[in-house]
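K.L.:
Residues per chain, in single letters:
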Amino acid sequence: MNRKVKKILTSPTLAGLAALALFAGVLEIAVATDVIPQLIVARPSDTFMAFPELQKEMHLFGAFWETLGMCAAATGLALLIGIPFGYLMYRDDLIGRAYEGWLAAAFAAPTVLLYPLFLVMFGRSHMTLILMGFIPGAIPIAIQCRQGLLGVSPTLLNVGRSFNVTEREMFWKIQLPAAVPTIFTGIRIGVMYTLVNIVAIEYLIDFGGLGRIVSEMYFRFDSPGTYASILAVVAVSVLFYWCFGRVERWLRPV
Amino acid sequence: MAQTGVIGTVSGLRPRITVNTIRITTIVVLLVLWEVLAAVGRSGLLYKDVVPSSIQIGLAIIHEIFDPAFYHHLGITLAEHVVGFTIGSTIAVTVGIAMGANPFFRKMIEPYLNGIGSTPKIIFLPILFLLFGTGIESKMAKGALSAFFPVVFSTTLGMMLISPVLLRVGQTFSLTRRQMVSKIYMPSMVNPIITGLRLGMAIAVIGILVAEIKFSNGGLGYRIAEYYDQFAIASMYALIIIIFALAAAANVAMTVLQDRLNIKQGGSATRNAGLGAST
Amino acid sequence: MSGTLEISNVSKTYDAGGENPVKALDKVSLTVNQGEFVSIIGPSGCGKSTLFNVIGGLIPDYTGEVTIDGHRIDGTHRDVGVVFQEESTFPWRTTLNNVAFPLEVQGMAREAREAKAREFIKLVGLEGFENHFPAQLSGGMKQRTAVARTLAYEPRIMLMDEPFGALDEQTRLLLGDKLLEIWSTLKQTMLLITHNITEAVQLSDRVVVMSYRPGRIKRVIDIELPRPRSSEVITTAEFGHYVGDIWNELREEASRGMADAEEKLAAR
Numbered sequence: 001m002n003r004k005v006k007k008i009l010t011s012p013t014l015a016g017l018a019a020l021a022l023f024a025g026v027l028e029i030a031v032a033t034d035v036i037p038q039l040i041v042a043r044p045s046d047t048f049m050a051f052p053e054l055q056k057e058m059h060l061f062g063a064f065w066e067t068l069g070m071c072a073a074a075t076g077l078a079l080l081i082g083i084p085f086g087y088l089m090y091r092d093d094l095i096g097r098a099y100e101g102w103l104a105a106a107f108a109a110p111t112v113l114l115y116p117l118f119l120v121m122f123g124r125s126h127m128t129l130i131l132m133g134f135i136p137g138a139i140p141i142a143i144q145c146r147q148g149l150l151g152v153s154p155t156l157l158n159v160g161r162s163f164n165v166t167e168r169e170m171f172w173k174i175q176l177p178a179a180v181p182t183i184f185t186g187i188r189i190g191v192m193y194t195l196v197n198i199v200a201i202e203y204l205i206d207f208g209g210l211g212r213i214v215s216e217m218y219f220r221f222d223s224p225g226t227y228a229s230i231l232a233v234v235a236v237s238v239l240f241y242w243c244f245g246r247v248e249r250w251l252r253p254v
Numbered sequence: 001m002a003q004t005g006v007i008g009t010v011s012g013l014r015p016r017i018t019v020n021t022i023r024i025t026t027i028v029v030l031l032v033l034w035e036v037l038a039a040v041g042r043s044g045l046l047y048k049d050v051v052p053s054s055i056q057i058g059l060a061i062i063h064e065i066f067d068p069a070f071y072h073h074l075g076i077t078l079a080e081h082v083v084g085f086t087i088g089s090t091i092a093v094t095v096g097i098a099m100g101a102n103p104f105f106r107k108m109i110e111p112y113l114n115g116i117g118s119t120p121k122i123i124f125l126p127i128l129f130l131l132f133g134t135g136i137e138s139k140m141a142k143g144a145l146s147a148f149f150p151v152v153f154s155t156t157l158g159m160m161l162i163s164p165v166l167l168r169v170g171q172t173f174s175l176t177r178r179q180m181v182s183k184i185y186m187p188s189m190v191n192p193i194i195t196g197l198r199l200g201m202a203i204a205v206i207g208i209l210v211a212e213i214k215f216s217n218g219g220l221g222y223r224i225a226e227y228y229d230q231f232a233i234a235s236m237y238a239l240i241i242i243i244f245a246l247a248a249a250a251n252v253a254m255t256v257l258q259d260r261l262n263i264k265q266g267g268s269a270t271r272n273a274g275l276g277a278s279t
Numbered sequence: 001m002s003g004t005l006e007i008s009n010v011s012k013t014y015d016a017g018g019e020n021p022v023k024a025l026d027k028v029s030l031t032v033n034q035g036e037f038v039s040i041i042g043p044s045g046c047g048k049s050t051l052f053n054v055i056g057g058l059i060p061d062y063t064g065e066v067t068i069d070g071h072r073i074d075g076t077h078r079d080v081g082v083v084f085q086e087e088s089t090f091p092w093r094t095t096l097n098n099v100a101f102p103l104e105v106q107g108m109a110r111e112a113r114e115a116k117a118r119e120f121i122k123l124v125g126l127e128g129f130e131n132h133f134p135a136q137l138s139g140g141m142k143q144r145t146a147v148a149r150t151l152a153y154e155p156r157i158m159l160m161d162e163p164f165g166a167l168d169e170q171t172r173l174l175l176g177d178k179l180l181e182i183w184s185t186l187k188q189t190m191l192l193i194t195h196n197i198t199e200a201v202q203l204s205d206r207v208v209v210m211s212y213r214p215g216r217i218k219r220v221i222d223i224e225l226p227r228p229r230s231s232e233v234i235t236t237a238e239f240g241h242y243v244g245d246i247w248n249e250l251r252e253e254a255s256r257g258m259a260d261a262e263e264k265l266a267a268r
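Protein chains in written order, with the numbering used here: chain D, 1 to 254; chain C, 1 to 279; chain L, 1 to 268.
Do not take every clue at face value.
Claimed, not checked - Okay, derived cross-link-like pairs now, DSBU-like style, lysine-lysine, Cα gap no bigger than 35 Å in a straight line:
#, chain 1, residue 1, chain 2, residue 2
1, L, Lys187, D, Lys173
2, L, Lys23, L, Lys264
3, D, Lys173, L, Lys122
4, C, Lys183, L, Lys264
5, L, Lys218, L, Lys264
6, D, Lys7, C, Lys107
7, L, Lys178, D, Lys173
8, L, Lys27, L, Lys218
9, L, Lys187, L, Lys116
10, L, Lys178, L, Lys116
11, L, Lys187, L, Lys122
12, D, Lys6, C, Lys107
13, L, Lys218, L, Lys187
14, L, Lys264, L, Lys187
15, C, Lys183, C, Lys107
16, D, Lys4, C, Lys107
17, L, Lys116, L, Lys264
18, L, Lys23, L, Lys218
19, L, Lys122, L, Lys264
20, L, Lys116, D, Lys173
21, L, Lys178, L, Lys218
Calculated directly from the structure, the hints in this document are not laboratory data.
Just so it is clear, the structure is predicted and the values come from calculations on it, not from any experiment.
One chain only, chain D, in its complex shape:
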């Protein structure tokens, strides 16, 4: 047998896929022979077959775009407010010190509990979803924006000064690009929590995209549908982060 084939056969990726297939097979048999009741765990084959139905009846793809749109709107808002606020916290050290601790504490707090506040004001609406996605998105962006600008290496600032750059050039050509990686960390964390919060609220208030579908499927006691819709959410999340990673790498070549 040649080396390449051997390498593929003993690769961890293949072992992972095999383990997954084995797990699905065991589950299939266990459910088929009623060792595990059908109502609790859907047969993997049934789950797979439920996708077309899900698309036809619940417009899975439409829901996917709806959730994604909410995330995009919330992230846009978070950038629009988070970055200028982070800059303000950097420019004015007092403001920075006054708010950064608060923001970090707010980020660690269960902000998802604020949803009734928006629910009573805006009802079950897109506004509620966007605002709930905005809150945990903007906080890390603002904090990392300040930290990134504060953390610019003093040597790089001295390089700028030794070349007599103006204050404006110092910011646009040195401070900002040096802070970009840190700001991106903030954006990545923010986007992650925005997605989590939006799907969570969709699920809690039965409104919007993917979260609503999962909730409805469960209410109908349609367990293949429930499992299929959950898998769809997993797939969307993975895809979402993959795309985000690509964009990030494209913006930051090294």
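Given the coordinates of chain D, assemble chains C and L onto it according to the supplied hints.
P.N.:
Chains C and L only, in chain D's frame:
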């Protein structure tokens, strides 16, 4: 000379304003805004009864603190959290160490962990409801599931970031496998594991509260949902404020604890608490 | 092109937040003639970095006077180009764009500045790496990028703070050759701050030995080794003689510095 970021803040221009001035002003402004909103609500222009005045909320907080039912529900949530978090983090530390020690195993399951780790965990609630029912067992399971991911990621990372020089130092002193674990691995892992546990703890609380809001018959999340259904808005806000205060207190306590543990190694956990670790 | 640097009676004191003030420089006077290569050597804490910052215009509040061709320095000066000890290339710019940076902020058009940057990249021997990012270069290549960037600014005086301090000894010797080669082409005034005796002797016309706290000039040693010089010079007996001579001056200062640092740690 060009002003630069390091010294170029405008704070020097107003030496008498302090951090506390800004904070107190902020609180006052927010309270006033809230009262204006409440007044508009009372006049019936918009948001009728939705924004209770801060006095009402204050009274509701006091009422809540003296209500035995609050402690009953707090107890349920705490019990769910302790059990769920303990189970979830124990499994996570074990899996994390196994992944760190065995690259094949890590590469085998990492893609799946990353995939599920990036998914909002709330979406698995229906499965947990199906498996464990809508009682406290499903909340414990949710707590375990939520706590698992941050802990497993930081444990694996901690294992992988142990300085190879330290491992070689251990080998040159012919440490046994057990000594390697207790003298080299464990002390180097304390920090990343604690960071992960801390984050896991916070996330497990959120996961449990949300699960309680969706479906339950007890716990603080249930109480919030109950107040909402009764349109007891002031009580609902009061309860949310109390939960936030408890979360903030727990966060401060954890920071102090972690800094105590870190002091000898010269690190500090205070900066950026709970932000960087979740990636 | 001229470029005579005159340092007269320069002092600088840091008051470290109420504690005993540290006198970093105490009445330092030195003249560096146009086209000369001078090294300043001393133990850690002898104030050589402070002197670097004063001449580079990064510390404007000093007493005494630093002049270039008769003009007093207060703030960064067009005639002084600075190469820093630390990693100072911009990680988000390619070699070409790093070197073109000073030209860019001067408002030079893209094509002109890129052509000029390529010249200096060639001069430091980095052709073929124009489109690499610093992360893709070795430590020595990054420092050469920084040197080329400063050269592109065409300063009359090159001021370098241990530019090769983080590199291994062999790379450092070879880069020393490169530096002398560039210097013989461009003929600027060179002022090198270093703690490396070999480096100082290998490159300089004069070596200035500084004392540990307060920073004063202890002795100035003329290095009368023949020019053009290559790194082979380190094998000669004369070279060894200069190294020994400088170490005799430095040893006492260095041990005072070390004892002081250890005392401070013990007090903590």
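K.L.:
So if I understand the rule, the pair passes when the alpha-carbon distance is 35 Å or less; does L:Lys27 with L:Lys218 pass?
P.N.:
holds (12 Å)
K.L.:
Is D:Lys6 within 35 Å of C:Lys107, Cα to Cα?
P.N.:
holds (17 Å)
K.L.:
Would you check the hint for L:Lys178 and D:Lys173, treating anything up to 35 Å between C-alpha atoms as holding?
P.N.:
holds (30 Å)
K.L.:
Would you mind confirming whether the straight-line C-alpha gap from D:Lys173 to L:Lys122 stays at or under 35 Å?
P.N.:
holds (25 Å)
K.L.:
Is the Cα-Cα distance between L:Lys23 and L:Lys264 35 Å or less?
P.N.:
holds (17 Å)
K.L.:
Next pair to validate is L:Lys218 with L:Lys187; report whether the Cα-Cα distance is within 35 Å.
P.N.:
Holds. L:Lys218 to L:Lys187 sits at ~28 Å (cutoff 35 Å).
K.L.:
Going straight from one Cα to the other, do L:Lys178 and L:Lys116 come out at no more than 35 Å?
P.N.:
holds (19 Å)
K.L.:
D:Lys4 and C:Lys107: Cα distance at most 35 Å?
P.N.:
Distance ~18 Å between D:Lys4 and C:Lys107 Cα, so the pair holds.
K.L.:
Just to be careful, I want the Cα atoms of L:Lys116 and L:Lys264 compared with a cutoff of 35 Å; is the pair within it?
P.N.:
Outside the cut-off at roughly 49 Å; violated.
K.L.:
Holds or violated: are the alpha carbons of L:Lys23 and L:Lys218 at most 35 Å from each other?
P.N.:
Status holds; Cα separation ~16 Å.
K.L.:
Under the criterion that the straight-line Cα-Cα distance not exceed 35 Å, is the pair L:Lys187, L:Lys116 satisfied?
P.N.:
Given pair L:Lys187, L:Lys116 holds - Cα atoms ~18 Å apart, limit 35 Å.
K.L.:
Has the given pair, L:Lys264 with L:Lys187, been kept, meaning a C-alpha gap of at most 35 Å?
P.N.:
The hint is violated at about 44 Å.
Checked against the numbered hints given earlier, the structure breaks hints 14, 17 and 19 and satisfies all the rest.
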